[in-house]
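Residue 290 in UniProt numbering sits at position 290 of the sequence shown, and the numbers go up by one each step.
Check each hint, because a few of them may be wrong.
[Claimed, not checked] Heads up, simulated DMTMM-like pairs for lysine to aspartate or glutamate below, C-alpha to C-alpha not over 25 angstroms straight-line:
hint, residue 1, residue 2
1, K38, D59
2, K83, E123
3, K5, E192
4, K84, D199
5, K83, D59
6, K131, E81
7, K84, D68
8, K84, E61
9, K52, E81
10, K181, E157
11, K95, D199
12, K181, E280
13, K243, E157
14, K294, D159
If you are wondering where the hints come from, they were derived from the structure by calculation, not from laboratory data.
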Amino acid sequence: MTSYKNIAIIGASGNAGKIILDGLVAASKFNITVVQRKESEATFKTGVSVRKINFSEGDLEAALNGQDAVISALGAAAFGEQKKIVDAAIRAGVKRFIPSEFSASSENAAVLQLLPLFGQKKELVQYLQSKQSEGLSWTGLATSGLFDWGLASGFLEFDIAQRTATIWDGGNKRFTLTNGKQLGQAVVSVLEHPKETNDRYLYIYSVETSQNEIVAALEEASGVKWTRNATTTEEQVSEAGKKLSAGDFNGALILVRATAFGNISGLRSDYTKEENLANEVLGLETETVQDVVKRVIT
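Given these sequences and hints, build the entire structure.
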């Protein structure tokens with residue numbers, strides 16, 4: 001089976017979507033169409049086609065007609081929209097659907113217990129499995145957290161400006177994270193290798209590390225001692241529950257961090273020891289924590 005050429009991406013203005021779109025553009029191998037809502041004001045690079053639609057079933061089918069593959073990078077508020085997109089993709093004759101995973105694995109029961117919102121992701125993969133006989137294949141990509149993006153944005157709670165870090169349960173638990181470049185390359189590789197990635201849920205990573213190792217690398221690169229603010233999984237999960245009960249979505253973001261940092265039975269957050277990795281299949285290299293930290297803070 002030859003690689004896919006005509007690629008549609010939905011959710012390209014989000015955090016993961018921007019990274020994936022950059023990877024597609026950098027590959028210089030695809031005809032890329034960004035599908036977005038008519039009211040969206042997001043703009044994109046030259047060389048990318050933009051199709052603005054109202055997301056009705058008819059509009060979606062028309063936008064996906066002629067596309068070989070569809071990438072969904074939709075955020076949490078739109079997880080429920082994906083089944084409608086899958087149906088439109090089938091009617092349009094799309095060959096491959098890449099759902100909005102790109103985070104902790106929705107195949108992990110402990111992740112779903114911690115983050116019930118991810119149940120919609122698992123349901124979509126099951127829906128895709130039920131549609132395989134209709135000609136639409138799929139590939140899921142579990143990345144755990146995004147490392148370089150999470151450092152630069154402060155999402156991982158290593159505050160580069162203030163030289164402070166929030167450390168869970170002593171900071172020695174090991175986990176894997178993925179950098180933006182590898183995420184973009186992974187999606188490109190899936191599109192280039194349809195047979196090897198057909199109807200599969202894949203695990204990838206860039207670094208295997210701990211919070212203490214990250215702080216040590218940050219101290220080395222910055223030349224100053226960082227302040228460590230101690231917390232526990234129990235405290236963080238409790239705070240997340242309070243925020244969510246008050247309608248504060250930041251509670252869900254705490255729980256996303258917990259999928260990497262938390263000491264929770266069955267979480268399987270170190271993909272190098274607990275999952276079958278697809279780095280070799282996808283041609284992905286790993287990086288050192290020190291190199292990533294230097295790249296982010298300099």
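Right, here's what the structure says about each hint:
no.: 1; hint: K38 / D59; result: holds (11 angstroms)
no.: 2; hint: K83 / E123; result: holds (9 angstroms)
no.: 3; hint: K5 / E192; result: holds (9 angstroms)
no.: 4; hint: K84 / D199; result: holds (19 angstroms)
no.: 5; hint: K83 / D59; result: holds (15 angstroms)
no.: 6; hint: K131 / E81; result: holds (16 angstroms)
no.: 7; hint: K84 / D68; result: holds (17 angstroms)
no.: 8; hint: K84 / E61; result: holds (10 angstroms)
no.: 9; hint: K52 / E81; result: holds (16 angstroms)
no.: 10; hint: K181 / E157; result: holds (21 angstroms)
no.: 11; hint: K95 / D199; result: holds (11 angstroms)
no.: 12; hint: K181 / E280; result: holds (16 angstroms)
no.: 13; hint: K243 / E157; result: holds (17 angstroms)
no.: 14; hint: K294 / D159; result: holds (15 angstroms)
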